[in-house]
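Which chain is which? The protein sequence lines are A and B, in order. First residue of the first sequence: 1, per UniProt numbering; consecutive thereafter. First residue of the second sequence: 1, per UniProt numbering; consecutive thereafter.
Keep in mind the hints are simulated off the structure, nothing from the lab. Note that CB positions come from ideal geometry on N, CA and C, so glycine has one too. It is possible that some hints are incorrect.
Pairwise CB distance ranges (calculated) [what the hints assert, rightly or not]: (1) A:Lys-327 x B:Asn-313: 38 to 46 Å; (2) B:Asn-185 x A:Lys-430: 34 to 42 Å; (3) B:Asp-49 x A:Asp-329: 33 to 41 Å; (4) B:Lys-316 x A:Asn-144: 52 to 60 Å; (5) B:Lys-242 x A:Lys-242: 27 to 35 Å; (6) A:Glu-184 x B:Lys-111: 51 to 59 Å; (7) B:Asn-313 x A:Glu-108: 26 to 34 Å.
2 protein chains.
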Amino acid sequence: MNKKGLAILLRSRMRPLSPVSNKVIQLENAPLEGNKIATQNVSSRIQRDLGEVRESMHSVISMNKKEILDTALSEFSEGYFSLSQENRHKLLLVLAREYDLNRTQVRELMKQYVGLEFPNGDGTDEHGHEMEGQLSAFYRIERNLRHALQPMYAVLFERLNTHPGGLKFLATVRADILSIIADENVASIRALDSYLKEKLITWLSPANLELHQITWDDPASLLEKIVAYEAVHPISNLIDLKRRLGIGRRCFGYIHPAIPGEPLIFIEVALMKNIACTIQEVLWHDLPTPECEATTALFYSISSTQPGLAGINLGKFLIKRVIHLVKKDMPNISIFATLSPIPGFMQWLLSKLASSERSVPIFCENILEPEEERALSDAFGDSAAGKNGMEVLLHLLTSANHEWTQSDRLISELKPILLRLCVRYLLLEKKRGKALDSVANFHLQNGAMIGRLNWMADRSEKGLSQSGGIMVNYIYSMEYIEDYAQAYFSTGHIQASPDVHHYIEPLENNEDSMN
Amino acid sequence: MNKKGLAILLRSRMRPLSPVSNKVIQLENAPLEGNKIATQNVSSRIQRDLGEVRESMHSVISMNKKEILDTALSEFSEGYFSLSQENRHKLLLVLAREYDLNRTQVRELMKQYVGLEFPNGDGTDEHGHEMEGQLSAFYRIERNLRHALQPMYAVLFERLNTHPGGLKFLATVRADILSIIADENVASIRALDSYLKEKLITWLSPANLELHQITWDDPASLLEKIVAYEAVHPISNLIDLKRRLGIGRRCFGYIHPAIPGEPLIFIEVALMKNIACTIQEVLWHDLPTPECEATTALFYSISSTQPGLAGINLGKFLIKRVIHLVKKDMPNISIFATLSPIPGFMQWLLSKLASSERSVPIFCENILEPEEERALSDAFGDSAAGKNGMEVLLHLLTSANHEWTQSDRLISELKPILLRLCVRYLLLEKKRGKALDSVANFHLQNGAMIGRLNWMADRSEKGLSQSGGIMVNYIYSMEYIEDYAQAYFSTGHIQASPDVHHYIEPLENNEDSMN
């Protein structure tokens, strides 16, 4: 390739920055390359008849253990991939309803169990031997009940799991199940999902996962996945990708032996002198810090590649193992922190602000401080006449193209207000006792603390829309990680630095004095 | 190292040929090197108090998910290794009895379940929605029951499985459980074993195992394991080992990522022009066949390294994958066969022969043909006076140092008799419908057929004691492997070549005509 060709390749955009989901779904549904399942090309795929696929699903579940399963499994998964989304949904409903458990058998076993004389004694050695005799009937029926309570579709999952390509196929199936649940609340599909999820958690236990450092020397087929699945800060071209894998950067992924060449989740790390304040400096500005001078490992992106593994927290184990590895390799690095988006902040704030327009004032919570009200009116001058502070703020934040970010004056007026509200959102807004923000909840349950908020830290369209450009550093201190995780788990307590607390303490004091 | 030193190293015996089990047990119980669990040196190990270890076991099971588990797990496993065999047994009894399931809770859930109105309908789409509502209560209690029916010790197993070194530790625990069962029939320990075995089968599914070709370039720490665990034809020194990994030879092992550097099972393969008739030619005689001339892959040894994985058939998958791999790499090779011991033949034969001495003649089955009777009397001349053929045979086979193998005349007299009896043993002697011989049962359930019996094929002390030196070739024909396995599984039918059938057909015809 000549120089110009290479330059074009390196600079050409690798995927559109907006609707990323299309590409991901397309990859997700594509036949699994490099394994026995579904080796046909996408274009040559033949749409199969639902009945035919249903037949092959039935043979996989019902055939005797020792018969030729491999062919049937490949047949079924190829057939499944060829189905339209609608037919997949129909098939999954059949699976959930008709391959459920045998309730008559379960009841029969329960009758036998309840009929047993209940052993008394506390299980100590004293009467050990008599008890053993009594218990042996319990053990037998309990084992039979454990088996009888397994739905018939368990066989399908187990068989697929031990089939080449099957685990990845099951992740696709779960993604389809989740899409049904998103549309409609069907009890049998929820039961199917909860069963499959439990199985996947077992099969994807960290003991079965390999930590792989992703480098520029990895196959293009793997790097392509990184580009396609990077969900936090999209990779725009090969230069961008190369920089993320180059000096002063690390990228690690968890790979399951049954899904080779494709990390299930990956994390991008920048080695720096300080905890970065903006994503721009990580992704674009400045030369990387020489690695020997780095003291900080900054986790600036973590992406899961399998929509079908939603709700299975692999990230926690990944972060811990990466910290462990980096610490060992580079003893100079002692600070582990993230530079994270706050994906739910604007959505929460705008709905709070909008509710003030709809509600009778007395029932409406004014989320602004009196001096913030004043500041907003002053900044807006005449045009704010007749509007209260919340209305002004709503107007500013919903203006086209984030117009407010073009005015230095508005930026500096809004800065203290948005930062305070963002701290309130992160620290005080909860759902079932957990942080409302999904990224915050992820890091807090892993045992991180909220370290610092950063103003204008992500000026991308996505960053401004999600959080007004604010980003947050979560800090992982290995000494406290377990304590913090435990406190968050049991009481919902969110650990934050004094700097962060400072934003809302005056307000909290106010509230106290009003009570 | 000088030449002489190297020669001594290469020739020195690597372990005593007899009581091999000691070494294996010692390795098995040794702390697991290279992982977090139990890093102490054997000699510096401190015997821990049973109560103390019991305490640490309790914390592992009962502590909250988010607390610091790693330390507790390491503590427990170190403690367990430090216990005497007797105390391990006591601890396992405590685990089986006191960390069983909550039967009160199980009964409570059953009561709720039986109280539910049983949904009628066949689960089709017709009344889908009404059924969904009814079923949702069933799903909930069924899921709760599935959880309630898990014994409390499930938590210990699950947590160990995800802990570095834990899977290997669990294999040791199971070996200890099996040793209790061998001594005493305790219902709670059998339930513990059956539960742990099911878990191990899941965790060791072929999807989680890596096929590794073991070569002379592998670390000595791995090769040492091969030497220690080779159970069929002990490896006597490094020359022997190097030959088994050299030209014309292959060695493959299954490695689990959680137990690195130690195959769970390994198979040794010789690439040959023909199916070998004796183990001597495989292990010692002749130069290896040039690989390009080989047409046959001979499996001459398969050994499992973990006594704690007894009853978990990893060998079947290993053989299939090795056949697949060899076929792909070396298209010239089209015959896949074993050269296998017949470990139970002599034991069975001697007990048959001995029973004739104890029984009243009329109840005693004469396992010899009339002409065999005559031949034995003739061969023994005067000294056989007053003894029947079976008594003569018993006397010959139990003579010290296998004296009969020193006489060419006796060898040729006994050859047809022992070969016929051996075929009868392999083809007709069954236990619960399966071949009595454990190695035969292993290969037959994998789908092999009995190809040929080989006289004086293993002249080692072990070979003569186990099977009078006879060895057998099992043939794996990939076209028939699934059919044969299925036939054996469902009807106990044993596939054998016409040559093998030939030995016993006259007898079978006799029996037919007698009926």
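Cross-check of the supplied hints:
no.	hint	result
1	A:Lys-327 x B:Asn-313: 38 to 46 Å	42 Å, holds
2	B:Asn-185 x A:Lys-430: 34 to 42 Å	55 Å, violated
3	B:Asp-49 x A:Asp-329: 33 to 41 Å	39 Å, holds
4	B:Lys-316 x A:Asn-144: 52 to 60 Å	26 Å, violated
5	B:Lys-242 x A:Lys-242: 27 to 35 Å	45 Å, violated
6	A:Glu-184 x B:Lys-111: 51 to 59 Å	32 Å, violated
7	B:Asn-313 x A:Glu-108: 26 to 34 Å	31 Å, holds
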